[in-house]
Structures are given as structure tokens and as C-alpha cells.
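2 protein chains.
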Amino acid sequence: MGKQKIGFIGVGIMGSHMAGHLIDTGYAVTAFDINAAALDTVAAKGATRAESSAEAAAGADVVITMVPDSPHVEAAALGAGGIIEVAREGMVYIDMSTIAPATSIRVAEELGKLGVRCLDAPVSGGEAGAMKATLSIMVGGPADLFEEMLPLLKVMGKTVTHCGEAGAGQTVKACNQIQVALNLVGMAESFVLGAKAGVDPQIILRVLSGGYAQTRVMDVRGPKVVKGEFEPGFKSRFHYKDLGIIMETAKNLKVSLPASALATQLFSSLLANGCGDLDHSAVIKAIEMLSNVQTAG
Amino acid sequence: MGKQKIGFIGVGIMGSHMAGHLIDTGYAVTAFDINAAALDTVAAKGATRAESSAEAAAGADVVITMVPDSPHVEAAALGAGGIIEVAREGMVYIDMSTIAPATSIRVAEELGKLGVRCLDAPVSGGEAGAMKATLSIMVGGPADLFEEMLPLLKVMGKTVTHCGEAGAGQTVKACNQIQVALNLVGMAESFVLGAKAGVDPQIILRVLSGGYAQTRVMDVRGPKVVKGEFEPGFKSRFHYKDLGIIMETAKNLKVSLPASALATQLFSSLLANGCGDLDHSAVIKAIEMLSNVQTAG
Numbered sequence: 583m584g585k586q587k588i589g590f591i592g593v594g595i596m597g598s599h600m601a602g603h604l605i606d607t608g609y610a611v612t613a614f615d616i617n618a619a620a621l622d623t624v625a626a627k628g629a630t631r632a633e634s635s636a637e638a639a640a641g642a643d644v645v646i647t648m649v650p651d652s653p654h655v656e657a658a659a660l661g662a663g664g665i666i667e668v669a670r671e672g673m674v675y676i677d678m679s680t681i682a683p684a685t686s687i688r689v690a691e692e693l694g695k696l697g698v699r700c701l702d703a704p705v706s707g708g709e710a711g712a713m714k715a716t717l718s719i720m721v722g723g724p725a726d727l728f729e730e731m732l733p734l735l736k737v738m739g740k741t742v743t744h745c746g747e748a749g750a751g752q753t754v755k756a757c758n759q760i761q762v763a764l765n766l767v768g769m770a771e772s773f774v775l776g777a778k779a780g781v782d783p784q785i786i787l788r789v790l791s792g793g794y795a796q797t798r799v800m801d802v803r804g805p806k807v808v809k810g811e812f813e814p815g816f817k818s819r820f821h822y823k824d825l826g827i828i829m830e831t832a833k834n835l836k837v838s839l840p841a842s843a844l845a846t847q848l849f850s851s852l853l854a855n856g857c858g859d860l861d862h863s864a865v866i867k868a869i870e871m872l873s874n875v876q877t878a879g
Numbered sequence: 583m584g585k586q587k588i589g590f591i592g593v594g595i596m597g598s599h600m601a602g603h604l605i606d607t608g609y610a611v612t613a614f615d616i617n618a619a620a621l622d623t624v625a626a627k628g629a630t631r632a633e634s635s636a637e638a639a640a641g642a643d644v645v646i647t648m649v650p651d652s653p654h655v656e657a658a659a660l661g662a663g664g665i666i667e668v669a670r671e672g673m674v675y676i677d678m679s680t681i682a683p684a685t686s687i688r689v690a691e692e693l694g695k696l697g698v699r700c701l702d703a704p705v706s707g708g709e710a711g712a713m714k715a716t717l718s719i720m721v722g723g724p725a726d727l728f729e730e731m732l733p734l735l736k737v738m739g740k741t742v743t744h745c746g747e748a749g750a751g752q753t754v755k756a757c758n759q760i761q762v763a764l765n766l767v768g769m770a771e772s773f774v775l776g777a778k779a780g781v782d783p784q785i786i787l788r789v790l791s792g793g794y795a796q797t798r799v800m801d802v803r804g805p806k807v808v809k810g811e812f813e814p815g816f817k818s819r820f821h822y823k824d825l826g827i828i829m830e831t832a833k834n835l836k837v838s839l840p841a842s843a844l845a846t847q848l849f850s851s852l853l854a855n856g857c858g859d860l861d862h863s864a865v866i867k868a869i870e871m872l873s874n875v876q877t878a879g
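Chains as they are written, first to last, in my numbering: chain A, 583 to 879; chain B, 583 to 879.
Isolated chain A (complex conformation) (with noise of 0.2 Å):
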């Protein structure tokens, strides 16, 4: 059997590279983007282009779309010009957006009744991971669906594990932000009352991450937080869409995640104050405002 032909839909900061590794690795792409630019970039690789997210999936044995919301992904499967216009048995639909579990669930039922099986498979790891094909991929759907696709999701991420049946995967990835969120604003309020409290911030930096309050955010963000850096990174504006999706997510649930909702305030206060575009570790602003304080310097 020859390799998958495959329709992208939407290669922007991400999809790009996750198309190029597998235009690299000798797959058929086909690709289309609302942005004529961001399609320019993956033709140049080698990808076909198409008009519209239906020309993309036309000729596909799996149709990919990496889009930034649950919208977006409606409207690329379900709606005019989507892929539902040229939905066929035996087609194969994967997800890479992060949106809400409750879409996956929806978008996997209407195109499986034309006979398309499909999987959701949000990532982490963020522009790096997906440079690196390094992401790590949290796959919902049918076990040999899953097990099928491995080859192909191993082309672009590094760890891809299957998390359940349809929106299991988009409801780790929403765990996962809970917990990054949390860590971020357990790192911001630490460095604000030590910083008002005249600690050294590197000290505390040290001290915690040596111990048992050790993050991985903390490793990899708290050199620069406490020197005031805040490129992305993951930006703060991604991180509270994903927040909403949390919260959109409890609500449909009855689930009630006092803190989540807390670093939602928090991360929609940076938003209020022009820090969308700073990384998620710039939630450490928030809580400097209220409590009128500079950490770093």
C-alpha cells in the first residue's frame, strides 16, 4: 500500500511545519488556508493548493485541519465548502485544533454517518514541538482507527497516545492547560510575594525548582520571568481560548473547578491590558497589578 494522500486545512504558525514533515516524509499533501500567504509557505515545500477546505479533501484518504477554534473546525467539516460536500466512505478525518470536547463529539457524528471515521488529536508542545516534530499527540477515537494512523501522526509529534473514544483526546488536552495554567500562576504569585518581601527572585527560582515544588514551566520559563521576558513561547491569548474551552467544557459537564475559573479571570486580565501577544507566563503581570509590584529587574 502506497502512502495516504492527505488534505491539510489550515497551515498557519503550526499546520506549516506539521504539513512539511509530511510533504518530507514522501506523503501527497494537498492544502488550503484562508490565508493566501500561509498557503504560499507550504506550496513552496511542496504541497498542492486548493480553493477551499471541500478541494482539499476531495481526492484525500485523510483529510487533517489545525485551525484555532471549535468554529473553525465546524465550519471546515461541516460547512459550506467543508469537507462534509465531498465526505465519503472510508475517508479519514483527523482533528489537530484544540476545541471544545463537546465539537469533536459532534463533528465525528455527522461525518460518520456519510461514512468517514475520524479521530481528534489535539497537540502540545507548541511551534517548537511542531518544528521539531517533537509534539505530543492526546488521540480520541476508535482504538484501531488510532492504531492505524500511528505512522502517520508519528511523522509530526514525538509521544501520541490514544486517551479513548471521540473528544478524549481534546478533554486531556483541556486537563493539561489546567495544569499548565495553574503552574504559571502558582510561579506568579510565589515571585510576587517573595519579590515584595525583597527575596531575590532567582533565589526563589533555585530553592523551588530543586525541590518538590519543581514544574516543568517553571524549568523552562522561570530564567526568563524573572528577568522580565515574556516572548512566546505559548501566547497568553491561546492559553485563555483554552481556558474557555475548559470552562465551556465544566459547565456542559456539571463540573465545578474553582481554580480554573480563578486563572481564566486572571489570563482574560492580561488580555484587558494588551499582554495577549506576551507567553502565558506573563499571568505573572496580573497578579504584579494587583498587588502593585515588579518582580523582576
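Hints are computed from structural coordinates only; laboratory data are not their basis.
Using N, Cα and C, we set each Cβ at its ideal position, and we do this for glycine too.
A couple of the hints might just be wrong.
To be verified - Once the Cα atoms are required to be at most 27 Å apart in a straight line, the calculated DSS-like pairs of lysine-lysine come out as:
(1) A/627 / A/806
(2) A/740 / A/585
(3) B/585 / B/695
(4) B/809 / A/836
(5) A/585 / A/627
(6) A/736 / A/817
(7) B/809 / A/809
(8) B/836 / A/806
(9) A/627 / A/736
(10) A/836 / B/836
(11) A/714 / A/627
(12) B/714 / B/806
Unchecked claim - Simulated coverage check for chain A against chain B, where a stretch passes if three residues somewhere in it have a Cβ under 8 Å from a Cβ of chain B:
(13) 604-610
(14) 778-792
(15) 823-834
(16) 837-849
(17) 864-875
Let chain A serve as the given structure and place chain B on it in line with the hints.
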């Protein structure tokens, strides 16, 4: 110069191991504890018994306290029958309890007037760290005194860090406890959301531990939490006490710590529900109660 004579006040779960290491290393230790049984334990290890804090301190070059909270330190250091009654020029006082930074500063000032040089040196690492002498020790006070006491502190701990002037050790310990509390709350909300969505918590644990969401508390306690095992470790009621210190310090310094405040209330709920003697990772029970869901099993 021979080894310093040590007065050790407070030989409970932590202090008995710490005093034991000093005795094993050849220090002469005179110990006091309000609990006679605790005193029996260290006497059996070779400590001389004292009938009061003042008696333990009377012939000592270095007096160490390891007691539950700020009022106990104030009583042992400044109260009737306390160190202050035998304080003299050249004596060194090291408080290794976890207490309010403001209390450490005040005790150092009061004893300082009588020529006693003071360090605050709270520890992290729990009973296991005390037993294996692998504690992390966070030290506030004069740099030259820190250097002078380093060999003695190294008998009880592995990582000994000078954090700044008087109170700075307590401040860094407070920062540590903020970060650990929020890492635990993040794990709790992740697992509860996942459980309600029907995802196996073992999968959430595996994916989060292997990526950017990783925390040491998840590495150590996550495998127990997903099985519903909460034997301490570090008891919830001690972390609640530490959060009380944190919020008191935040009030004194005019710092706003909304997530630490929320964590304090979640730990308060644990105590209200009879879970104070469980490991602090049991904070997941507060989120489970709020959400009417069981994670483990």
C-alpha cells in the same frame, strides 16, 4: 575548635530525626520537648534531657528550635522558661520551624539585643527528608553566620541555601508552599474534569507527566491519587497552617494572592470534612465534593 554544644527544642516527628543526625555526627545535644515521650526517644539516641527551653539552651553554643508554629517559637524563644532567660553574647539561635517571616524577624531582633545571632532555617522534604538528612533548608540571616553554621546545617540537609536577611528563609518557604499547593490544585481539577468526562485518570497522569504540564508533586503523588491513596506524606492540616502564614504575610506586605487565597479555602474544606490527616494531595477531595464525582477506582 571542638564541635558546638547544641540545645535542641522540639524533638517530634521531624526534630527527633534531625537531633539524631547531630548526635550521630558527634555533637553533644541537650534536648527539650513538652511531650515526655518524644524526649524519651532522643534520650535513647544519646541526648541529654532538659526540663525547659531555657535549660536546653543554658549551656549551648547553638540553640535549635523545631516546633509547630509561630506561637511555639515565640514561647520557646521569648517566653517564660525560654531561651531569652539564658541568652548571652555569642550564642547562636537557629529556628528551623515553618513560621511567619514577621515572627522570625521579631525574634531575631529581640534576641539580637542580648547578643544572640539568629538564623531562620525552615526545611522542606518532610519526614523522609528528615530521616535521610536530605532536607532542603532555606536560610535567612547574616551571610557570615550562614557560612559559619553551614557544616552543622549540612548534617541535617542536602541543599542548604542562603536566601537573604532575617525572615528570608521563611519567605522562600512560603513561596515554596504556594507553588506546591497550586500544583496540587491543578492536578485535582485536571483529574476531576477528566473523570467526569469518562477518561481514565491513568491516561491523564501519563500524558501530563510526560509533557509541559509535568510537576514533581504529580510524579510523586499522582500514581497514588488515581488509586485513591492519601496516606501522608505531608498532612493537609500542615499545608493549611502554611497557607495561613502565607495569607497573613500577604496581608502584612499588601500583596494580593487570589489563587493562594482560593487554595486556602479548599484546604479549609478538607479540614471541615475530616481529611486533615490525609496527604495534602487529598485536596482533590474538595474538588470532587464540589463536582459530586469520584476520580479514583
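Hints, verified against the model:
1. With a CA separation close to 34 Å, the supplied pair residue 627 of chain A and residue 806 of chain A exceeds the 27 Å bound.
2. A C-alpha spacing of about 20 Å is found between residue 740 of chain A and residue 585 of chain A, which places the hinted pair at or below 27 Å, so the restraint holds.
3. Taking the CA atoms of residue 585 of chain B and residue 695 of chain B, the gap is near 26 Å; set against the 27 Å cutoff, the hint holds.
4. A hinted pair counts as satisfied when its Cα atoms are at most 27 Å apart, and residue 809 of chain B with residue 836 of chain A qualifies at roughly 23 Å.
5. Using a Cα cut-off of 27 Å, the hinted pair residue 585 of chain A and residue 627 of chain A holds, with the two alpha carbons roughly 18 Å apart.
6. A threshold of 27 Å between alpha carbons decides the hint, and for residue 736 of chain A with residue 817 of chain A the separation of about 25 Å falls inside it, so the pair holds.
7. At most 27 Å may separate the alpha-carbon atoms for a hinted pair to count; residue 809 of chain B and residue 809 of chain A exceed this at roughly 40 Å.
8. Restraint check: the Cα-Cα separation between residue 836 of chain B and residue 806 of chain A comes to about 25 Å, which is no more than 27 Å; the hinted pair holds.
9. Proposed proximity of residue 627 of chain A and residue 736 of chain A is supported: the alpha carbons are some 20 Å apart, at most 27 Å.
10. Between residue 836 of chain A and residue 836 of chain B the CA atoms are separated by roughly 36 Å; this puts the pair beyond 27 Å, and the hint is violated.
11. Taking the CA atoms of residue 714 of chain A and residue 627 of chain A, the gap is near 16 Å; set against the 27 Å cutoff, the hint holds.
12. As the CA atoms of residue 714 of chain B and residue 806 of chain B are separated by approximately 22 Å, the hinted pair is consistent with the 27 Å bound.
13. Coverage of a stretch by a chain is defined here by at least three residues with a beta carbon nearer than 8 Å to that chain's beta carbons; for the stretch 604-610 of chain A and chain B the count is 0, and the condition is violated.
14. Three residues within the 8 Å Cβ limit are the bar, and the stretch 778-792 of chain A against chain B gives 11, so the coverage statement holds.
15. Note: the stretch 823-834 of chain A has 3 residues with beta-carbon separation from chain B under 8 Å; the three-residue rule is met and the coverage holds.
16. Look at the stretch 837-849 of chain A against chain B: 9 of its residues bring a Cβ nearer than 8 Å to a Cβ of that chain, three or more, so the hint holds.
17. For a cut-off of 8 Å, the count of residues in the stretch 864-875 of chain A with a CB near a CB of chain B stands at 5, and the three-residue condition holds.
Checked against the numbered hints listed earlier, the structure breaks hints 1, 7, 10, 13; every other hint is satisfied.
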